[in-house]
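Model the placement of chain B on the given structure of chain A, informed by the hints.
Heads up: the sequence lines are chains A and B, in that order.
Heads up, the first sequence is in the working numbering, so the first residue is 1 and it goes up one at a time.
Heads up, the second sequence is in the working numbering, so the first residue is 431 and it goes up one at a time.
Worth flagging that the hints you see were computed from the coordinates, not collected in a lab.
Where a beta carbon is used, it is the ideal one built from N, C-alpha and C, also for glycine.
Only true hints are included.
Chain B is nowhere near these chain A residues, computed Cβ spacing over 12 Å in every case:
| # | residue |
| --- | --- |
| 1 | Gln236 |
| 2 | Val357 |
| 3 | Val362 |
The calculated DSBU-like cross-link candidates involving lysine-lysine, where the alpha carbons are at most 30 Å apart (straight line), are:
| # | chain 1 | residue 1 | chain 2 | residue 2 |
| --- | --- | --- | --- | --- |
| 4 | A | Lys413 | A | Lys359 |
| 5 | A | Lys38 | B | Lys557 |
| 6 | A | Lys115 | B | Lys468 |
| 7 | B | Lys587 | A | Lys34 |
| 8 | A | Lys34 | B | Lys551 |
| 9 | B | Lys556 | B | Lys464 |
| 10 | A | Lys157 | B | Lys464 |
| 11 | A | Lys221 | B | Lys464 |
| 12 | A | Lys34 | B | Lys556 |
| 13 | B | Lys464 | A | Lys127 |
| 14 | A | Lys34 | B | Lys557 |
| 15 | B | Lys651 | A | Lys34 |
| 16 | A | Lys126 | B | Lys468 |
| 17 | B | Lys587 | A | Lys38 |
| 18 | A | Lys127 | B | Lys557 |
| 19 | B | Lys545 | A | Lys38 |
| 20 | B | Lys664 | B | Lys587 |
| 21 | B | Lys551 | A | Lys38 |
| 22 | A | Lys157 | B | Lys468 |
| 23 | A | Lys38 | B | Lys556 |
Per the computed footprint, the stretches of chain B lying under chain A, defined by three or more beta-carbons under 8 Å from a beta-carbon of chain A, are:
| # | segment |
| --- | --- |
| 24 | 458-471 |
| 25 | 578-587 |
| 26 | 720-730 |
Residues per chain, in single letters:
2 protein chains.
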Amino acid sequence: MCQVDSVGMPVVRFALVGAGVVGSGVLDIYFRDKVLWKDREGLDLELVGVATRTPSKVRHPVEVTTDASDLLHRTRPDFVLELAGGIDFPFELAKIAFEQGTSLITANKALLSEKGEEIFKLAWDKKLEVGYEAAVAGSIPIIRTFRTGLAGCRFEKLSGILNGTTNYILTQMETQGWDYHRALAKAQELGFAEADPTFDVEGVDAGHKLSLLASLAFQRKIPFSSIWTEGITKLQSIDIRFAKQLGFRIKLLASCQFMESGFLASVRPTLVSLNHPISNVQLELNAVTYNTIETGMGLLTGKGAGSLPTASAVIADLLYYAKRRGDWTRERNTFEAGNVSPIGTGKSRFYLRFSTVDKPGVLAEIASVLGQNSISIASMHQDSSEEPIQVILVTHSALEANLRAALEVIDAKVNIIKENTVSLPLLQDL
Amino acid sequence: MCQVDSVGMPVVRFALVGAGVVGSGVLDIYFRDKVLWKDREGLDLELVGVATRTPSKVRHPVEVTTDASDLLHRTRPDFVLELAGGIDFPFELAKIAFEQGTSLITANKALLSEKGEEIFKLAWDKKLEVGYEAAVAGSIPIIRTFRTGLAGCRFEKLSGILNGTTNYILTQMETQGWDYHRALAKAQELGFAEADPTFDVEGVDAGHKLSLLASLAFQRKIPFSSIWTEGITKLQSIDIRFAKQLGFRIKLLASCQFMESGFLASVRPTLVSLNHPISNVQLELNAVTYNTIETGMGLLTGKGAGSLPTASAVIADLLYYAKRRGDWTRERNTFEAGNVSPIGTGKSRFYLRFSTVDKPGVLAEIASVLGQNSISIASMHQDSSEEPIQVILVTHSALEANLRAALEVIDAKVNIIKENTVSLPLLQDL
Chain A
1 MCQVDSVGMP VVRFALVGAG VVGSGVLDIY FRDKVLWKDR EGLDLELVGV ATRTPSKVRH
61 PVEVTTDASD LLHRTRPDFV LELAGGIDFP FELAKIAFEQ GTSLITANKA LLSEKGEEIF
121 KLAWDKKLEV GYEAAVAGSI PIIRTFRTGL AGCRFEKLSG ILNGTTNYIL TQMETQGWDY
181 HRALAKAQEL GFAEADPTFD VEGVDAGHKL SLLASLAFQR KIPFSSIWTE GITKLQSIDI
241 RFAKQLGFRI KLLASCQFME SGFLASVRPT LVSLNHPISN VQLELNAVTY NTIETGMGLL
301 TGKGAGSLPT ASAVIADLLY YAKRRGDWTR ERNTFEAGNV SPIGTGKSRF YLRFSTVDKP
361 GVLAEIASVL GQNSISIASM HQDSSEEPIQ VILVTHSALE ANLRAALEVI DAKVNIIKEN
421 TVSLPLLQDL
Chain B
431 MCQVDSVGMP VVRFALVGAG VVGSGVLDIY FRDKVLWKDR EGLDLELVGV ATRTPSKVRH
491 PVEVTTDASD LLHRTRPDFV LELAGGIDFP FELAKIAFEQ GTSLITANKA LLSEKGEEIF
551 KLAWDKKLEV GYEAAVAGSI PIIRTFRTGL AGCRFEKLSG ILNGTTNYIL TQMETQGWDY
611 HRALAKAQEL GFAEADPTFD VEGVDAGHKL SLLASLAFQR KIPFSSIWTE GITKLQSIDI
671 RFAKQLGFRI KLLASCQFME SGFLASVRPT LVSLNHPISN VQLELNAVTY NTIETGMGLL
731 TGKGAGSLPT ASAVIADLLY YAKRRGDWTR ERNTFEAGNV SPIGTGKSRF YLRFSTVDKP
791 GVLAEIASVL GQNSISIASM HQDSSEEPIQ VILVTHSALE ANLRAALEVI DAKVNIIKEN
851 TVSLPLLQDL
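With the rest of the complex left out, here is chain A:
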């Protein structure tokens, strides 16, 4: 199956496709540590070549080409590291790799979100591996943790801050008092946000990652299309400020929870209690918190992106799979479909912000509709005396379907309500 070097040590051969931000980090770590891995772990890793669109940027002593498929065909490596980005090209590459017996390691969550089912099935049929630690939460070794450290555990819930761009924006809105647009502009200036930030700020990127993570944790396919996704664009400075005053911090939380009736899966801005460790995960950091029957709550946090943080995850996959070739078992990525429930079946406390006219009886009218829908109010707060008046209510635990029914009625009262009501769930418990 594998080659052996001059002293009888097995040689594991790999090719690198893509030498941009992450790929160059991988090259730096590889050339720094390959002798160390050989000495310390008995692992002889040979880089057979690099395929990239800009060969002149590769400064390490290795064969460089622009033709990735030719490189794979010629060298037939054990692993290909796909760090090129896009979807069609890496998908073709994956098919070529699997066809010839090469395993795939990738940082490409868009690829796995679009083509994951086919990729995982092709690899499984050929008894090959797909490593994607780098596709979720950058430097946080969350995939490996779910597969090994928590292998004996039954998951009940997981929640994560899986998108660094939006976490950076929310942190700046809070700490600098900036509005959304100013915080976004700053993130773009620093390279934390793309020119078109839609995928990040609308929660799509976090949803792709949640799909991968939840499927693995619950061993059921939770497709992106089944995840309720809300972004951060409708949040205002007042929401951030009031959340803080109430003892919370707003985070774009990606969550999946097992319920008897089915999974609840969502990406949405959430008020996280300042006593919850995830509330202190600020700026571009990512985090994942989980609950299992055995361990109770656990949390991992770290950098979610960047050259070396993401490269460290690619290298970890390479070392891990290189060492376990010859194992009896492979890692499963294809699961039965999970039964995902509509978001309305979930229960939570809620933060509600109503934009109302300045007239007596408005609060009574709102409270009455909420009451008719079995929603009880825990506290009320009011901001400014200029119209629209901002009325903030925090509810006791309520069924989300009831809340939505109530808000539909309330928001239709155009004589007293000036803008659509903002409703955000609360995360309180550890």
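Leaving out everything else, chain B in the frame of chain A:
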């Protein structure tokens, strides 16, 4: 090497020694999930027997005996799970196991602290494994994370809350306003602290765990004897209160840092900034935070003790090593000795609490000695007007040797200083 069952699936056989709190958790998970592991992972795990001092407590369908060595000799399993506690008995057991080709999985940090060097060497020579995920930080899969997820990383620093008892006491002192003795009594009542709490409250237990963790992270032996260890017994409510007022929370922090001149390794109460995620790790939770060149800061938190949390780590080790039998490489636990520097060579900001008489000129005298030792003061606070007056100073970054020299001079001034000065380092940066 291994047996094969009737459909050609490899069978991995293991024995359990000790069926107390953790052992019974292991039995519960095993009997719940063994069919699942077989179906899902192709892993057929066979429990060959349980040795325990109280056979009547084992209610699962398995052979139970009081004679552990006889069980090992008769069954010759692939793995023995040592959950008996103590040192001499499990050490004998480990030697019997290695002699006959059985790998060891243990939750026993005292054993590894006392006999680790011999155990790791015996196992290595026989090409066997030693799993000890459960010995450090209970449910947090930190050993596996250091070995796999961060395999490509160079550690710069690690800090942890590795003892749940002291973290519970410190949390109660803060949130309930209790003094140390009352908080300890409550911890004992709830079973979080032993009748003789010395090992926990003096930092010995955390030091044992730091020794294991730091050795693995830095791939250098950091023996317990080289770790500077201070407990929490001299802390007073006023320290907890002032820390909070200054924006910090006191944690018993176990730390190891790589410096050009050598490692700095300590267990000591530390003021952790409320902005640092580890400050929110409360009650009996544990946490580990690390810095590597590649990832920057990362943190893991979760339950550090208890039946199922610790059992989940034992099971994770069992599943992991059972699957990787046949790997090319083994996991190394024997390292060259690390060069550990005296604690005085470290630099930090410090919180200082002086107990002084109520006389003019006292502060000038203290400040003058600090100044002569190159320690500059960032802020000053004073509590109460009754003697002894509590004067709190926060310093700028200072060499600890200079601080100790200064405090020796100051504490000798018995005409103005009533008790030994309390000095605690600050942890500020992420």
